[in-house]
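Each chain is listed here by its residues.
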Amino acid sequence: QVRLVESGGGVVQPGRSLRLSCAASGFTSRNYGMHWVRQAPGKGLEWVAVIKNDGSKTYYADSVTGRFTISRDNSKNTLFLQMNSLRAEDTAVYYCAKDVRQEAAALDQWGQGTLVTVSS
Amino acid sequence: AIQLTQSPTSLSASVGDRVTITCRASQAISNSLAWYQQTPGKPPKLLIYDASTLPSGVPSRFSGSRSGTDFTLTINSLQPEDFATFYCHQFNNFPITFGQGTRLVIK
Chain A
167 QVRLVESGGG VVQPGRSLRL SCAASGFTSR NYGMHWVRQA PGKGLEWVAV IKNDGSKTYY
227 ADSVTGRFTI SRDNSKNTLF LQMNSLRAED TAVYYCAKDV RQEAAALDQW GQGTLVTVSS
Chain B
302 AIQLTQSPTS LSASVGDRVT ITCRASQAIS NSLAWYQQTP GKPPKLLIYD ASTLPSGVPS
362 RFSGSRSGTD FTLTINSLQP EDFATFYCHQ FNNFPITFGQ GTRLVIK
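Protein chains in written order, with our numbering: chain A, 167 to 286; chain B, 302 to 408.
Note that these hints are calculated values from the structure, not bench results.
Do not rely on the hints blindly, as some may be mistaken.
[To be verified] In silico DSS-like cross-links for lysine-lysine, where the CA-CA straight-line distance does not exceed 27 Å:
#, chain 1, residue 1, chain 2, residue 2
1, A, K242, A, K218
2, A, K218, B, K343
3, B, K408, A, K209
4, B, K346, A, K218
5, B, K408, B, K343
6, B, K408, B, K346
7, A, K223, A, K242
8, A, K242, B, K346
9, B, K346, A, K223
10, B, K408, A, K242
11, B, K408, A, K223
[As the list claims (entries may be wrong)] Computed footprint of chain B on chain A, listed as stretches where at least three residues anywhere in the stretch have a Cβ under 8 Å from a Cβ of chain B:
#, segment
12, 208–214
13, 226–232
14, 235–243
15, 276–283
[Stated by the list, open to error] Far from chain A by the CB rule (all over 10 Å, computed), these chain B residues:
#, residue
16, A329
17, S333
18, R362
All figures in this text were calculated on a predicted structure; none of them were measured in a lab.
All residues carry an ideal CB built from backbone N, CA and C; glycine is no exception.
Given these sequences and hints, build the entire structure.
See the structure below:
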């Protein structure tokens, strides 16, 4: 059974940093691309970043480029999102999601999400 | 970035109805489109990928189609558990984008 469990969310002041983790189990994570998708309170889905199965390529939304870094440790089946220079508009539930392919396609498994609140 | 415009934004229907939601892409994206269903407080669930492929476990009353840059999600014979918000998602070009969502409510 595929399971994705996010952690690391919380309340942080503007300009500070936060690191999210996503523990994967129930599948061979090194075979699939992995994404972060966020959802601000009461709003729609916003794609954040993707990392290729082997970690060789990463892509980002324009809104986070230069501030966020996606990475993975396939030996530990864990996905990360390092978030720097956080802004109020980064407040959202952050989901990690598994791709159906190695890089970027549909997202067939999602975690329950972790809430990040950026506020002074 | 490719824009995905969903219509309608909101839709009311009854159990047993057939409903159609459309997603128009601002440029060609081949069949690189997926549909998701989300209920409040839950993560999205994949319904359709590659424009018309149903993942294992998704009921056959859900279907997807494509005509050029217009994509359609059809739900036949609505069930009570189908009332939710639906999103389209393109993965043909970076940055990946989602539609703004269509809220399906009970009439």
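Each hint tested on the structure:
1. K242/A with K218/A: holds (16 Å)
2. K218/A with K343/B: With Cα atoms ~26 Å apart, K218/A and K343/B stay inside 27 Å; holds.
3. K408/B with K209/A: Roughly 23 Å separates the two Cα atoms, so the pair holds.
4. K346/B with K218/A: holds (21 Å)
5. K408/B with K343/B: Status holds; Cα separation ~23 Å.
6. K408/B with K346/B: holds (23 Å)
7. K223/A with K242/A: holds (19 Å)
8. K242/A with K346/B: Roughly 26 Å between the alpha carbons, so the hint for K242/A and K346/B holds.
9. K346/B with K223/A: holds (26 Å)
10. K408/B with K242/A: violated (48 Å)
11. K408/B with K223/A: Violated, because 46 Å separates the two Cα atoms, which is more than 27 Å.
12. 208–214: Answer holds; 4 residues pass the 8 Å Cβ test.
13. 226–232: holds (count 3)
14. 235–243: With 0 residues in contact (Cβ-Cβ under 8 Å with chain B), the coverage given for the segment 235–243 of chain A is violated.
15. 276–283: It holds: at least three residues are needed, and the segment 276–283 of chain A offers 4 whose Cβ sits within less than 8 Å of chain B.
16. A329: Non-interface label on A329/B holds, nearest chain A Cβ at 17 Å vs cutoff 10 Å.
17. S333: violated (7 Å)
18. R362: Since the minimum Cβ distance to chain A is about 19 Å, R362/B lies beyond 10 Å and the statement holds.
The structure is inconsistent with the numbered hints 10, 11, 14 and 17, although it conforms to all the rest.
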